[in-house]
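Trainee: Sequence:
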Amino acid sequence: MEKIRDMLIIGGGPGGYTAALYGARAGLDTLLVEKMSPGGQMALTHQIDNYPGFADGIDGFTLGMQMQQGAERFGAETEMAEVLSADLSGEIKKVETTSGSYYARTVVLSTGAFPRPLGLPGENDWLGRGIHYCAACDGMFYRGKTVVVVGGGNTAAADALLLSRLAKKVILVHRRDTLRATKIYHAPLFAAENVEFRWNGSVTALLGEDSFRGVILRDLQTGEETTIDCDGVFVSIGRNPASGLFAGQVELDKDGYIIADESTKTNLPGVYAVGDIRTKQLRQVVTAVSDGAVAAYQAEEYLASLSGGTD
32 MEKIRDMLII GGGPGGYTAA LYGARAGLDT LLVEKMSPGG QMALTHQIDN YPGFADGIDG
92 FTLGMQMQQG AERFGAETEM AEVLSADLSG EIKKVETTSG SYYARTVVLS TGAFPRPLGL
152 PGENDWLGRG IHYCAACDGM FYRGKTVVVV GGGNTAAADA LLLSRLAKKV ILVHRRDTLR
212 ATKIYHAPLF AAENVEFRWN GSVTALLGED SFRGVILRDL QTGEETTIDC DGVFVSIGRN
272 PASGLFAGQV ELDKDGYIIA DESTKTNLPG VYAVGDIRTK QLRQVVTAVS DGAVAAYQAE
332 EYLASLSGGT D
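Counted from 1, the sequence shown has number 231 at position 200 by my numbering; the numbering is strictly sequential.
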């Protein structure tokens, strides 16, 4: 007879491992399945300075490993495998992975969302050393320097505003001739003296050898290409939520994020969404951790109701 876990967590980011920690501490039989390494997208961040408790900051990989160790200290288990499919309906949920099938009464979805890249040669090579996808995470490294922000939506506008308070100069590159961002961003951006706009532009190449030094920008109307010298590029052209495995089961919004409020509850009983995969205003390590704690609490309450306990 297959073992049925109390809680199975898909994804080992900060939200997933916090759910594992809280679940295991509450005495739940907890298994976390992760296909790459502890920390998820966080593990790719060279320096995290906005997570409380680390006065000198900490790199994402180390923080991810510490989160794993903290959860496993209380009995949570980690299985390094890729999830192939999931049946989240019914009282017992089934998850198929590359290492076999697992069953659980509650499931926490913590698969995250991945920044949409420019798709240029060398982009991965410059990750964290000139190419960034989160101004709130990495903007501080460009204090007094020149940066390019690529995009024209709300995220790009917010990133450009944040960077304008840190960088010497911000060059915002957008494929259109006007921002797609909501009007609330327009006035402060246009009023910022150190923000320059390059309309109808597309970044076509990244420049640098030992260190990053700039980009090539193509005018989409004339085809003319120019070199922009800069110290870093912040790519803000959207994110791709990793929710495809669960489509048709949990409800998704128009962008593919799992619909769940601050309770982390999805439309399916016993299924919770935490971290970047769920609908929310701010996607940061600290908000993912909060989600994980809430999901474990909700799972504990749900399991108590199944066994006849109080709600």
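Check before you lean on any hint, since a few could be wrong.
Stated by the list, open to error - Straight line, CA to CA, 30 Å or less: simulated DSSO-like cross-link-like pairs of lysine-lysine:
id: 1; residue 1: Lys200; residue 2: Lys214
id: 2; residue 1: Lys311; residue 2: Lys214
id: 3; residue 1: Lys34; residue 2: Lys125
id: 4; residue 1: Lys285; residue 2: Lys296
id: 5; residue 1: Lys199; residue 2: Lys176
id: 6; residue 1: Lys66; residue 2: Lys34
id: 7; residue 1: Lys176; residue 2: Lys214
id: 8; residue 1: Lys214; residue 2: Lys285
id: 9; residue 1: Lys34; residue 2: Lys285
id: 10; residue 1: Lys285; residue 2: Lys311
id: 11; residue 1: Lys296; residue 2: Lys311
id: 12; residue 1: Lys34; residue 2: Lys296
id: 13; residue 1: Lys125; residue 2: Lys66
id: 14; residue 1: Lys125; residue 2: Lys311
id: 15; residue 1: Lys214; residue 2: Lys34
id: 16; residue 1: Lys66; residue 2: Lys285
id: 17; residue 1: Lys214; residue 2: Lys66
id: 18; residue 1: Lys125; residue 2: Lys296
id: 19; residue 1: Lys176; residue 2: Lys200
What the hints assert, rightly or not - Per label pair, the in silico range of CB-to-CB distance:
id: 20; residue 1: Asp250; residue 2: Arg147; range: 35 to 43 Å
id: 21; residue 1: Gln312; residue 2: Glu113; range: 29 to 37 Å
id: 22; residue 1: Ile35; residue 2: Gly175; range: 55 to 63 Å
id: 23; residue 1: Val317; residue 2: Ala223; range: 22 to 30 Å
id: 24; residue 1: Gly88; residue 2: Ser130; range: 30 to 38 Å
id: 25; residue 1: Arg196; residue 2: Asp292; range: 27 to 35 Å
id: 26; residue 1: Thr257; residue 2: Arg56; range: 43 to 51 Å
id: 27; residue 1: Ser233; residue 2: Pro83; range: 33 to 41 Å
id: 28; residue 1: Gly269; residue 2: Arg174; range: 23 to 31 Å
The set of hints was computed from the structure by calculation and includes no laboratory data.
All C-beta atoms in this analysis are idealised placements derived from N, C-alpha and C, irrespective of residue type, glycine included.
Trainee: I'd like to know which numbered hints this structure contradicts. Please list them from smallest to largest.
Mentor: 9, 15, 17, 20 and 26
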